[in-house]
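If you read the protein sequences in the order shown, they are chains A and B.
Just so you know, our numbering puts 369 at position 369 of the first sequence, and the rest follows in order with no gaps.
Just so you know, our numbering puts 270 at position 270 of the second sequence, and the rest follows in order with no gaps.
In short, the hints are calculated from the structure, not lab data.
Among the hints, a few may not be true.
Copies of one chain are not kept apart here, so a pair can be met inside one copy or by any two copies together.
Quick list of in silico lysine-lysine cross-link-like pairs, DSBU-like style, CA-CA up to 35 Å [claimed, not checked]:
no., residue 1, residue 2
1, Lys-340, Lys-2
2, Lys-172, Lys-337
3, Lys-2, Lys-336
4, Lys-83, Lys-171
5, Lys-3, Lys-224
6, Lys-2, Lys-366
7, Lys-3, Lys-171
8, Lys-337, Lys-224
9, Lys-344, Lys-172
10, Lys-344, Lys-314
11, Lys-177, Lys-366
12, Lys-336, Lys-224
13, Lys-3, Lys-344
14, Lys-83, Lys-337
15, Lys-314, Lys-230
16, Lys-3, Lys-366
17, Lys-314, Lys-172
18, Lys-3, Lys-336
19, Lys-172, Lys-230
20, Lys-83, Lys-314
All values reported here derive from a predicted model rather than from experimental measurement.
Protein chains: 2
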Amino acid sequence: MKKVGILGGGQLGRMLLQAAANYPTETYVMENDAECPAANLCHHFVLGNIRDFESVLQFGRTVDVLTIEIEQVNVDALEQLEKEGITVIPRPAVLRTIQNKIHQKTFYQQNNIPTAPFRITPSRASLSEHLDLLPAVHKLGVGGYDGKGVTILNTAADLDAGFDEPSVLEKKIDIQKELAVLVAVSQTGEIVAYPSVEMVFDQKLNLLDYQVCPSLISTESEIKAVTLAKQLVQAFDSPGLFAVEMFIDLENNIWINEIAPRVHNSGHHTIEAHYCSQFDMLWRILMGMPLGNPEPIMPSLMLNLIGANGFSGKARYEGLEEFLRLPNAFLHLYGKKDTKPGRKMGHVTLMGSYLEDLTATADNIKATLRVIS
Amino acid sequence: MKKVGILGGGQLGRMLLQAAANYPTETYVMENDAECPAANLCHHFVLGNIRDFESVLQFGRTVDVLTIEIEQVNVDALEQLEKEGITVIPRPAVLRTIQNKIHQKTFYQQNNIPTAPFRITPSRASLSEHLDLLPAVHKLGVGGYDGKGVTILNTAADLDAGFDEPSVLEKKIDIQKELAVLVAVSQTGEIVAYPSVEMVFDQKLNLLDYQVCPSLISTESEIKAVTLAKQLVQAFDSPGLFAVEMFIDLENNIWINEIAPRVHNSGHHTIEAHYCSQFDMLWRILMGMPLGNPEPIMPSLMLNLIGANGFSGKARYEGLEEFLRLPNAFLHLYGKKDTKPGRKMGHVTLMGSYLEDLTATADNIKATLRVIS
């Protein structure tokens, strides 16, 4: 029985624990909320702050292998634990790079990974030196998450909305499509990639609207996307599960946007629609076992269930019965007691031979299945 | 959030709880072993004896809906809880009938369900009155489980091995094949059946060797088997998930062997290989929701992982790495610390288009994947 610790207790931890029960492992979770989604599915729940050095250090010393389900953790403690012989996946150095968007972008550049042209802006005042890059996206170096810490600067008149802390100013790409590719690396260096997923965003909330797999792109673009994702992940030289987000521009160029070194929202469809789900894949990696088969069983569509606008408080699910009448639809609720506008409360996956049918069904679901209070 | 209680904390409860996390439910488990497979995956674990009237009554009063993962529970308490307005699934009357093989066989007879000819034997001495039925199977009325409480009486010389308590003496069928059909009934009376699975038994341990879906039988036999299973389940007039085990004899007649009113070993393949797994199906029933789609996504084979002969103590899994290299194979370990010969320690499922490939792979797995100590 390998003792495995997870820093963070959100829905990603929850789904990781659902899969954990299939493997010979004893699970530990640390989170500062005893009612978090993962709290009741582990062997040992530890109430604690994953950003606090001492808390992470003490927690990590109780396990054989340590992983994360969110990047915002105390990396100093992880580096200390690595020195003490604890297996930390991904390697703390990866988190060190990824936690700061300035380091992340510089890393892409140093490794010849195509990414949108950018400048580093130490302060808001410095933005005026880079008017040539506008329209651009301003990204806070540290602390951004799920649409926070990101703002669009179209013209010089917008500069006041920029961040006054060290940030990245990134030339705005004319986006044709957004893709994500999951890449898995075993402890022995074996590497496999899942086929890309194509993401459609809700512009208002900057949250995923739905995603389909396979992406509706040419075989050439698919090969390029997967090759690029693997190349980037290999540059990090670390075992783990990585989600690589990218853009295709109007000229079919591919640009890396971001990477998350953990199970990811863009991999939820793999639970039912692929032979080895992203969660099973990470368990194989954590256990020091061979990787699984990332191939799809069938095309799929994944839709996040987001707290509806105008509703805050105890969550209720409207239209659940109609949803459950759909023949090939899978429900995943995250066990969060309270909803609020834009909060990720669950997701649903549709499987079927024809993507056209799936998108029609998804539109239907969006009109009927709502998280209210 | 519906509060749902499960009596029993074995592997069936464990897999039920893995699926539970997708639904709006708060889970309660009662079992007399704090280290049982289901203990760490529920919201509330209650240490208690599921055969004890007071324990079951107190436990049941804390939930909205109560179900079982093993038949040997206190039915008196369930009947009292039903009177008090708790939803008990399956209805306690079903358990009352099924717990006693004498009642079970009589129920088949009364409902015109084909089952092997039988006599009721109040004592061992009474066996001599039924020599005309030999060769026969002697089954203890109450308390048999997983091969215990069942003995074969071939000739008059074997009668001493018969049970001295009320039992059923059942004419031995010349078995061609053993099948199982899962049937689901919703709280509104909706009914669906999964396609039959064909079971191959290890004669020595009287435990399932492996099972395949679809069964290798004629369409006519498949229709007969599914129709018969539905007819039997309808006679019980209760919501729930039911596993109907049956024999096909050498003349292609189908005979009902047993029924279990719960999730069942014969439905494990549905987790990956069917749109709605047996565990998801039961959650839909418990939540008062519509039934799911029982159709297969792909043919499958399921193999129980049984504690190897000659090994008792802390479990180790030999050949796990080779197993995890198989492309379409799924692992399910039950989290039991100790192994012993014949103990169910986990199962594996294989998916693929051709059953011939699956059986070849299964033979390979049986030769390499072992639970030892």
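Now the hints, each set against the structure:
1. Lys-340 with Lys-2: between (37 Å within a copy, 21 Å between copies)
2. Lys-172 with Lys-337: neither (38 Å within a copy, 55 Å between copies)
3. Lys-2 with Lys-336: This pair counts as both: shortest intra-copy Cα distance 29 Å, inter-copy 14 Å.
4. Lys-83 with Lys-171: Cα proximity of Lys-83 and Lys-171: none, with 39 Å in one copy and 69 Å across.
5. Lys-3 with Lys-224: neither (38 Å within a copy, 49 Å between copies)
6. Lys-2 with Lys-366: Only across copies: Lys-2 and Lys-366 sit 24 Å apart there, 41 Å inside one copy, limit 35 Å.
7. Lys-3 with Lys-171: Cα proximity of Lys-3 and Lys-171: none, with 45 Å in one copy and 52 Å across.
8. Lys-337 with Lys-224: Neither: 42 Å inside a copy, 46 Å across copies.
9. Lys-344 with Lys-172: Within. Shortest intra-copy distance 27 Å satisfies the 35 Å Cα cut-off; inter-copy 58 Å does not.
10. Lys-344 with Lys-314: Within one copy only: 14 Å inside a chain, 41 Å across chains, cut-off 35 Å.
11. Lys-177 with Lys-366: within (21 Å within a copy, 47 Å between copies)
12. Lys-336 with Lys-224: neither (38 Å within a copy, 45 Å between copies)
13. Lys-3 with Lys-344: This pair counts as both: shortest intra-copy Cα distance 29 Å, inter-copy 23 Å.
14. Lys-83 with Lys-337: between (39 Å within a copy, 31 Å between copies)
15. Lys-314 with Lys-230: neither (42 Å within a copy, 40 Å between copies)
16. Lys-3 with Lys-366: Between copies only: 28 Å across chains, 40 Å inside a chain, cut-off 35 Å.
17. Lys-314 with Lys-172: Classified as neither; 39 Å inside a copy, 58 Å across copies.
18. Lys-3 with Lys-336: Answer is both: 26 Å inside a copy and 15 Å across each meet the 35 Å cutoff.
19. Lys-172 with Lys-230: Within one copy only: 24 Å inside a chain, 61 Å across chains, cut-off 35 Å.
20. Lys-83 with Lys-314: between (44 Å within a copy, 31 Å between copies)
Comparing the model with each numbered hint stated earlier shows that hints 2, 4, 5, 7, 8, 12, 15, 17 do not hold.
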